[in-house]
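There are 2 protein chains.
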Amino acid sequence: MSLVSLRTFDPAPAFVDAELATLSPPARVGEFELDLELRHAGLRRVRIRYEINGDIRHPTVFVAGGISAGRHVAANAADAADGWWDAQVGAGRAIDPSRACIVSVDWIGADGTLDAPIDPADQADAIAALLDHLAIGRLDAFVGSSYGAMVGLQFASRQPARVARLVAISGTHRAHPYSSAWRALQRRAVQLGSLQCDAIDGLALARQLALLSYRTPDEFDERFGAAQVVDGRVRVPSEDYLDHIGQAYAMRTPVTAFLRLSESIDLQRVVPGSIETPVTLVAIELDRLVPVADAYALAQGLRGETRVRVLRSRYGHDAFLKEPAAIAAVLAEALELPA
Amino acid sequence: MSLVSLRTFDPAPAFVDAELATLSPPARVGEFELDLELRHAGLRRVRIRYEINGDIRHPTVFVAGGISAGRHVAANAADAADGWWDAQVGAGRAIDPSRACIVSVDWIGADGTLDAPIDPADQADAIAALLDHLAIGRLDAFVGSSYGAMVGLQFASRQPARVARLVAISGTHRAHPYSSAWRALQRRAVQLGSLQCDAIDGLALARQLALLSYRTPDEFDERFGAAQVVDGRVRVPSEDYLDHIGQAYAMRTPVTAFLRLSESIDLQRVVPGSIETPVTLVAIELDRLVPVADAYALAQGLRGETRVRVLRSRYGHDAFLKEPAAIAAVLAEALELPA
Numbered sequence: 001m002s003l004v005s006l007r008t009f010d011p012a013p014a015f016v017d018a019e020l021a022t023l024s025p026p027a028r029v030g031e032f033e034l035d036l037e038l039r040h041a042g043l044r045r046v047r048i049r050y051e052i053n054g055d056i057r058h059p060t061v062f063v064a065g066g067i068s069a070g071r072h073v074a075a076n077a078a079d080a081a082d083g084w085w086d087a088q089v090g091a092g093r094a095i096d097p098s099r100a101c102i103v104s105v106d107w108i109g110a111d112g113t114l115d116a117p118i119d120p121a122d123q124a125d126a127i128a129a130l131l132d133h134l135a136i137g138r139l140d141a142f143v144g145s146s147y148g149a150m151v152g153l154q155f156a157s158r159q160p161a162r163v164a165r166l167v168a169i170s171g172t173h174r175a176h177p178y179s180s181a182w183r184a185l186q187r188r189a190v191q192l193g194s195l196q197c198d199a200i201d202g203l204a205l206a207r208q209l210a211l212l213s214y215r216t217p218d219e220f221d222e223r224f225g226a227a228q229v230v231d232g233r234v235r236v237p238s239e240d241y242l243d244h245i246g247q248a249y250a251m252r253t254p255v256t257a258f259l260r261l262s263e264s265i266d267l268q269r270v271v272p273g274s275i276e277t278p279v280t281l282v283a284i285e286l287d288r289l290v291p292v293a294d295a296y297a298l299a300q301g302l303r304g305e306t307r308v309r310v311l312r313s314r315y316g317h318d319a320f321l322k323e324p325a326a327i328a329a330v331l332a333e334a335l336e337l338p339a
Numbered sequence: 001m002s003l004v005s006l007r008t009f010d011p012a013p014a015f016v017d018a019e020l021a022t023l024s025p026p027a028r029v030g031e032f033e034l035d036l037e038l039r040h041a042g043l044r045r046v047r048i049r050y051e052i053n054g055d056i057r058h059p060t061v062f063v064a065g066g067i068s069a070g071r072h073v074a075a076n077a078a079d080a081a082d083g084w085w086d087a088q089v090g091a092g093r094a095i096d097p098s099r100a101c102i103v104s105v106d107w108i109g110a111d112g113t114l115d116a117p118i119d120p121a122d123q124a125d126a127i128a129a130l131l132d133h134l135a136i137g138r139l140d141a142f143v144g145s146s147y148g149a150m151v152g153l154q155f156a157s158r159q160p161a162r163v164a165r166l167v168a169i170s171g172t173h174r175a176h177p178y179s180s181a182w183r184a185l186q187r188r189a190v191q192l193g194s195l196q197c198d199a200i201d202g203l204a205l206a207r208q209l210a211l212l213s214y215r216t217p218d219e220f221d222e223r224f225g226a227a228q229v230v231d232g233r234v235r236v237p238s239e240d241y242l243d244h245i246g247q248a249y250a251m252r253t254p255v256t257a258f259l260r261l262s263e264s265i266d267l268q269r270v271v272p273g274s275i276e277t278p279v280t281l282v283a284i285e286l287d288r289l290v291p292v293a294d295a296y297a298l299a300q301g302l303r304g305e306t307r308v309r310v311l312r313s314r315y316g317h318d319a320f321l322k323e324p325a326a327i328a329a330v331l332a333e334a335l336e337l338p339a
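If you read the protein sequences in the order shown, they are chains A and B. Residues 1 to 339, numbered by the UniProt record's numbering, are exactly what the first sequence covers, in order. Residues 1 to 339, numbered by the UniProt record's numbering, are exactly what the second sequence covers, in order.
Bear in mind the hints are in silico, worked out from the structure with no lab data behind them. This one's a predicted model, so the numbers in the text were calculated from it and none came from an experiment. We put the beta carbon where it would ideally sit given N, CA and C, even for glycine. One thing to keep in mind: the hints can contain errors.
[Unchecked claim] Calculated lysine to any residue pairs in the SDA-like style (CA-CA distance at most 25 Å, straight line):
1) B/Lys322 - B/Ala87
2) B/Lys322 - B/Val292
3) A/Lys322 - A/Asp221
4) B/Lys322 - A/Pro291
5) B/Lys322 - B/Leu286
6) A/Lys322 - B/Pro291
[Unchecked claim] Computed list of chain A residues with no C-beta within reach of chain B, every gap over 10 Å:
7) Arg47
8) His58
9) Gly112
[Said to hold, decoys possible] Take a look, some chain B residues computed to stay more than 10 Å from chain A by CB distance:
10) Ala75
11) Asp79
12) Ala87
13) Gly92
14) Ile136
15) Gln247
16) Ala328
Modelling step: build the complete structure from the supplied sequences, incorporating the hints.
Next comes the structure, spelled out in structure tokens:
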């Protein structure tokens with residue numbers, strides 16, 4: 001990693017309202033730019049947007065999710081809106097901002113301005129630069145789910161002195177070739193739409209396809225019934241749901257961000273033996289994207305203390321979002337945060 | 001079913017060359033038109049193209065495959081080109097035209113001229129009409145794979161007196177809601193392409209998506225390696241293979257045929273208790289399209305003698321095409337054709 005320049009844009013800590021600020025741990029959002037040497041695209045100016053939730057003197061837990069999850073992990077004093085992991089991060093939750101300082105980022109590329117191949121190792125370098133910027137020497141834990149788990153493994157491999165433990169949920173040292181094919185076809189859906197200036201429909205279709213990989217037949221069987229003929233066409237009941245999922249995602253996601261972060265997953269490659277950090281791996285039995293066998297292969301190669309927890313969930317890959325109790329139990333065991 | 005008119009186009013039996021004709025069992029292709037009452041679209045003129053391979057006085061075996069498989073099941077005296085099931089149908093194979101008369105059809109809708117919802121039960125009615133046309137009172141066996149298994153179940157349900165036994169491979173009494181969602185998204189890929197007069201690319205993408213449902217992660221893991229960055233884009237090794245699969249399919253398949261036959265799978269609904277015919281069900285453990293659980297549910301509901309054979313194959317749903325030895329063993333056991 002090469003940090004050629006560093007320019008800060010940190011706003012003053014922002015509080016939503018006085019009462020919340022009084023009752024809640026401090027929180028703030030910030031951003032800064034740096035020139036980062038990308039593995040596949042050379043030196044690029046990137047912007048790192050981050051969020052801090054909790055007192056910086058507490059144990060520091062970096063939290064990262066999937067490619068569509070950003071810095072706003074949970075509602076906090078700086079941003080009262082729902083986060084993507086309120087089930088795990090908040091007062092009384094597994095990661096409580098009154099006992100931990102939660103740090104998180106928007107992935108580089110997430111704003112759509114970086115149109116280049118982004119390696120998960122580049123994300124790890126950006127996080128290291130953020131820690132420098134925040135004067136955080138070492139993370140007490142890195143908790144990553146999905147793409148976040150991949151980046152966590154990269155971080156542990158490259159920055160062994162800067163992370164005490166890693167929890168990697170539904171993400172491993174490699175992209176499975178079948179899952180890569182699935183993603184490549186999602187990117188083609190976007191391209192097919194883009195050819196006719198219909199990027200929204202292409203991106204919506206890509207997201208719908210991705211959703212199938214995040215879930216399981218068991219869930220669909222419980223939720224959806226038989227097909228109907230409507231206006232001379234066959235319509236299956238899940239299409240209404242998929243329409244909603246696709247449209248909502250396409251409206252909030254830059255096409256370039258989706259393409260480059262989807263690609264990034266496929267670039268994942270970590271040598272398990274390069275990691276000495278203690279790791280808790282969480283794998284989901286019905287995960288159609290990250291087979292449990294890959295988690296076992298990773299566990300066998302890791303050099304530090306390793307725990308593997310296998311959960312069975314009808315939500316498959318999305319268990320980290322949809323199985324709050326099981327995930328909370330794993331986090332409590334893995335993190336051992338002070339009471 | 002209503003047969004309002006019947007018009008025949010049967011050509012004289014055609015033989016490829018004199019020697020083959022001498023050595024091989026007789027074979028011929030034919031077609032006829034009829035007005036068929038479609039469940040979801042009323043009376044329609046449809047054309048039924050069929051192929052007969054073997055002496056009509058032998059035990060009659062109707063053979064049907066997936067939505068993209070047609071009447072040309074195997075090379076024969078009327079058409080020496082490779083068929084889609086040469087591994088099972090031919091001299092010395094499980095279904096030998098010197099001992100059986102193999103009858104097969106192009107699905108109604110397969111030529112792209114029928115732009116209406118087609119129920120699998122409509123296909124069963126068309127087959128019954130063909131048997132009338134050929135003066136075949138009763139099939140000794142119906143062997144169907146994938147969509148062909150679905151249609152076989154419809155046929156057994158509706159024509160109990162016309163079929164002595166059924167072998168249903170990788171197809172059941174219903175479309176699984178998750179698989180239906182997967183197909184609905186394939187149809188959306190076609191629509192996305194069609195909007196910009198790029199039906200070929202849309203259809204190619206649909207076929208590529210379908211292929212993922214026909215195969216397994218195990219197979220992709222064995223065949224394909226890690227992603228590469230090529231000209232500033234990430235390319236995964238399976239893309240070359242998928243390109244070939246998609247283009248070849250799109251060049252030979254009318255868009256309407258794909259859409260209507262894909263829809264047809266989603267309309268599958270048979271009450272298992274309506275079937276008294278002896279049935280051999282073959283299910284594949286890693287089938288991502290037809291879960292083994294659905295085969296068990298079907299078996300529990302059938303009223304006649306029922307055998308279930310579960311195979312494990314890294315080819316998943318495509319095992320009926322890619323596991324010739326295992327399928328041959330099942331067919332030999334199920335059909336008990338005279339030596």
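Taking the hints in turn, this is what the structure says about them:
For the suggested pair lysine 322 of chain B and alanine 87 of chain B, the alpha carbons sit about 9 Å apart, so the restraint of at most 25 Å is met. About 18 Å separates the Cα atoms of lysine 322 of chain B and valine 292 of chain B, which keeps this hinted pair within 25 Å; it holds. Distance check on the hinted pair: lysine 322 of chain A and aspartate 221 of chain A sit about 17 Å apart at the alpha-carbon level, within 25 Å; holds. The straight-line distance between the Cα atoms of lysine 322 of chain B and proline 291 of chain A is roughly 23 Å, inside the 25 Å bound, and the hint therefore holds.
A threshold of 25 Å between alpha carbons decides the hint, and for lysine 322 of chain B with leucine 286 of chain B the separation of about 13 Å falls inside it, so the pair holds. Among the hinted pairs, lysine 322 of chain A with proline 291 of chain B is consistent with the structure: their alpha-carbon atoms are about 23 Å apart, no more than 25 Å. With 10 Å as the threshold on Cβ separation, the claim that arginine 47 of chain A sits away from chain B holds: the shortest Cβ distance comes to roughly 21 Å. In this structure histidine 58 of chain A is separated from chain B by more than 10 Å, as the shortest Cβ-Cβ distance comes to about 38 Å.
In this structure glycine 112 of chain A is separated from chain B by more than 10 Å, as the shortest Cβ-Cβ distance comes to about 16 Å. At roughly 32 Å, the least C-beta separation between alanine 75 of chain B and chain A is larger than 10 Å, which holds for a residue marked as non-interface. Its beta-carbon lying about 33 Å from the closest one in chain A, aspartate 79 of chain B satisfies the requirement of being farther than 10 Å from that chain. The Cβ of alanine 87 of chain B sits about 25 Å from the closest Cβ of chain A, beyond the 10 Å cut-off, so the non-interface label holds.
Chain A leaves glycine 92 of chain B outside its interface by the beta-carbon criterion, the shortest separation being 36 Å against a cut-off of 10 Å. The Cβ of isoleucine 136 of chain B lies farther than 10 Å from every Cβ of chain A, with a closest approach of about 31 Å, so its non-interface assignment holds. Against the 10 Å criterion, glutamine 247 of chain B stays outside the reach of chain A, whose nearest CB is about 13 Å from its own CB. Once the 10 Å rule is applied to beta carbons, alanine 328 of chain B is consistent with being away from chain A; the minimum gap is 28 Å.
Violated hints: none; the structure is consistent with every hint.
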